[in-house]
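Protein chains: 2
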Amino acid sequence: MTHSTSLVLMADVLETLRQKSLLVDEQLKQLLPPAEGQAIPEVRELYSSAWDYNLRGGKRLRPALCLLSCEAFGGNPQDALNTAAALELLQNFLLIHDDIEDASDMRRGKPCLNKLHGDAFAINSGDFVHAWMWRCLLANKPVLGATKTFAVMREFVQQLETTAEGQAMEIAWVRDGKWDVSEEDYFELVKRKTANYTITRPLRLGAIIAGATKRQADSLNAAGEKLGIAFQIQDDILNLAPPGEAYGKETAGDLYEGKRTLILSRALSKMKDAERGEALASLSKPRAQKTPEEMARVLELVKKTGALDYCRKKARQLASQAREQLSKKLFGLPDSQAKSDIFALVDFIVEREY
Amino acid sequence: MTHSTSLVLMADVLETLRQKSLLVDEQLKQLLPPAEGQAIPEVRELYSSAWDYNLRGGKRLRPALCLLSCEAFGGNPQDALNTAAALELLQNFLLIHDDIEDASDMRRGKPCLNKLHGDAFAINSGDFVHAWMWRCLLANKPVLGATKTFAVMREFVQQLETTAEGQAMEIAWVRDGKWDVSEEDYFELVKRKTANYTITRPLRLGAIIAGATKRQADSLNAAGEKLGIAFQIQDDILNLAPPGEAYGKETAGDLYEGKRTLILSRALSKMKDAERGEALASLSKPRAQKTPEEMARVLELVKKTGALDYCRKKARQLASQAREQLSKKLFGLPDSQAKSDIFALVDFIVEREY
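Protein chains in written order, with our numbering: chain A, 1 to 354; chain B, 1 to 354.
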């Protein structure tokens with residue numbers, strides 16, 4: 001692919017995401033109560049903060065994949081709108097809680113809810129947005145009928161459990177000071193924490209809503225998992241080596257948070273003993289004691305090992321395998337704009353710069 | 001009621017709660033995956049901690065009310081078991097998150113999850129138990145059919161929203177240092193935060209599962225609300241004036257947490273200016289700076305105002321009004337053990353010592 005084709009493709013993908021975003025925002029406004037109607041000021045504050053957060057933007061990759069998958073499988077994407085909105089709320093509630101758990105600072109270009117309003121407010125807001133997610137899923141009944149509505153709900157329950165499992169792994173690693181994270185460990189974590197709800201689940205949900213069989217839905221799992229891991233690796237790369245202003249989180253925030261990434265796993269395994277000792281001493285400090293100078297030094301040590309390039313290659317490799325698997329699985333479906341949009345998104349996942 | 005009758009009744013109520021508890025524990029074990037099956041140690045830890053918490057005990061008042069209401073309305077209490085289990089999980093996940101938000105120490109006679117494993121682990125555990133709640137609700141489908149299953153789910157979504165609203169009020173009051181909480185403010189808070197999911201919702205859910213009309217279910221709201229407020233006032237009294245060992249939370253924990261209660265609202269309004277100033281200065285300190293001596297002094301000032309007696313009277317008054325309303329609403333139902341058990345529970349709510 002030449003550079004200019006790639007730029008054109010990227011613009012197309014961003015336009016696709018933007019259009020799906022508008023649909024999702026519209027659907028959220030249809031389904032959920034506005035803040036204005038709330039008479040008690042403290043309750044109104046809860047509602048308006050939730051609305052503010054839900055409309056902050058973000059890529060809206062997950063709802064877009066769900067809508068496109070539904071269409072590619074021959075369904076009416078309108079039928080997937082409630083579920084797409086629910087996927088966005090799932091993501092938002094997980095991010096709100098994740099940012100407390102990691103003591104993060106920035107999200108989508110603004111301070112995290114825990115920074116704006118404190119941990120207590122943020123925990124409660126996450127629970128509130130989670131409740132709204134179920135409100136969206138209940139709205140599926142008149143559109144999809146009972147059987148599909150329950151099938152979609154079962155996917156969400158499994159998703160919630162899987163994500164909590166991944167989160168538990170990450171939290172335990174940080175708590176226990178575990179730094180000898182192997183590539184396999186990392187994959188087990190990311191499969192649960194990210195891959196599933198970012199790629200696999202949205203694709204499955206779209207297919208289920210379109211009326212695909214369980215077998216067809218299951219056939220998407222392997223590709224979804226690979227692509228989801230590629231997505232997370234790219235996320236980790238962007239965190240340590242952000243290309244510009246568009247990235248909405250703090251730079252090298254992962255080092256401050258002590259997040260276990262494939263980059264760090266690779267870098268630590270490649271460092272000489274003295275450098276590894278130095279890096280681990282800095283990384284193991286509590287967040288508040290980490291200085292920008294120290295983190296810059298860790299980043300320098302990491303870069304020296306070539307871990308960033310290794311991970312870039314790994315992400316591309318996984319994405320290309322996923323693309324091939326997905327081509328086979330979607331081969332039987334008629335050609336459509338939705339189908340080609342899905343493949344454009346697959347490329348976007350490892351080419352994106354935000 | 002003589003003292004000895006009251007003791008006999010109390011023993012009966014405790015036996016009713018114990019029996020329902022066993023049913024709920026059994027149902028949880030039927031519906032949810034055991035920790036043993038989990039291969040990854042960090043995931044197994046999440047599961048076993050969730051199981052440990054769910055089986056800690058507690059009164060199990062909410063599931064009991066749901067089962068009894070179903071039976072009183074002519075339903076088969078077996079049909080309400082999944083929902084009763086879900087109510088217990090709702091309560092557990094709310095307590096896990098609430099204890100983080102309030103930085104509480106003890107729950108059901110053991111340290112809170114945030115004290116045992118840290119805030120991050122506890123937030124995630126709450127989300128995990130919340131997911132399990134939905135797993136129980138989805139299991140209703142083959143038992144209740146689609147229509148009732150959705151009706152029950154709608155009740156849970158409303159419940160989650162209402163509780164988050166109440167929580168938001170309390171968090172904002174603490175954050176903003178608001179101590180001039182009127183009786184009306186307090187009732188608005190408690191209606192949302194406690195009354196609804198403790199009394200009203202379990203009664204409604206049992207009725208809905210038994211096949212009651214929406215009108216019948218709605219007719220329970222007013223009594224449920226009064227009784228729920230009485231329950232919370234009694235909880236607040238037990239916190240400041242615990243009768244013995246059975247109480248599973250820290251004594252006067254509400255003063256350390258700076259919780260706004262009817263007792264404090266009343267006491268502050270009755271104190272002389274100098275004493276109010278002294279009490280507020282102590283209460284407004286961050287939790288870590290509050291000493292046992294200081295809190296004992298605040299408690300002494302509170303007791304001097306007669307606020308505890310005022311609140312005891314208020315709780316009994318509300319419970320007795322609720323009892324009367326409930327008698328009218330349940331009047332048309334055939335006499336049954338379940339019906340009389342409900343009224344015994346109504347009395348228990350303000351007579352209980354734990």
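Please note that the accuracy of each hint is not assured.
Negatives, chain B to chain A, calculated, CB over 12 Å [what the hints assert, rightly or not]:
hint, residue
1, Met10
2, His97
3, Asp98
4, Ile100
5, Leu160
6, Ala164
7, Trp173
8, Arg175
9, Pro292
Under the rule of at most 30 Å between Cα atoms (straight-line distance), these lysine-lysine pairs were calculated in the BS3-like manner [what the hints assert, rightly or not]:
hint, chain 1, residue 1, chain 2, residue 2
10, B, Lys178, A, Lys110
11, B, Lys178, A, Lys148
12, B, Lys148, A, Lys290
These are computed hints drawn from the structure, not numbers from a lab.
Using N, Cα and C, we set each Cβ at its ideal position, and we do this for glycine too.
Has the given pair, B/Lys178 with A/Lys110, been kept, meaning a C-alpha gap of at most 30 Å?
Roughly 28 Å separates the two Cα atoms, so the pair holds.
Hey, is B/Pro292 genuinely clear of chain A, shortest beta carbon separation above 12 Å?
holds, 24 Å
Since B/Ile100 was said not to touch the interface, does its Cβ keep a gap of more than 12 Å from each Cβ of chain A?
violated, 6 Å
Mind checking the alpha carbons of B/Lys178 and A/Lys148 for me, to see if they're no more than 30 Å apart?
With Cα atoms ~48 Å apart, B/Lys178 and A/Lys148 exceed 30 Å; violated.
So is B/His97 really clear of chain A, every C-beta pair being over 12 Å apart?
Check fails; 5 Å does not lie beyond 12 Å.
With 12 Å as the threshold, tell me whether B/Asp98 passes as away from chain A on beta-carbon distances.
violated, 9 Å
Should the label of B/Ala164 as a non-interface residue stand, given a Cβ cut-off of 12 Å to chain A?
violated, 4 Å
B/Trp173: least C-beta distance to chain A exceeds 12 Å?
violated, 7 Å
Can the restraint linking B/Lys148 and A/Lys290 be considered satisfied, given a maximum Cα separation of 30 Å?
Violated. B/Lys148 to A/Lys290 sits at ~54 Å, over the 30 Å cutoff.
Take a quick look at B/Arg175 and tell me if its Cβ sits farther than 12 Å from every Cβ on chain A, holds or violated.
Since the minimum Cβ distance to chain A is about 6 Å, B/Arg175 lies within 12 Å and the statement is violated.
Reported absence of B/Met10 from the contact zone with chain A (all CB gaps over 12 Å):
At roughly 35 Å from the nearest Cβ of chain A, B/Met10 sits farther out than 12 Å, so the non-interface label holds.
Since B/Leu160 was said not to touch the interface, does its Cβ keep a gap of more than 12 Å from each Cβ of chain A?
violated, 4 Å
The structure is inconsistent with the numbered hints 2, 3, 4, 5, 6, 7, 8, 11 and 12, although it conforms to all the rest.
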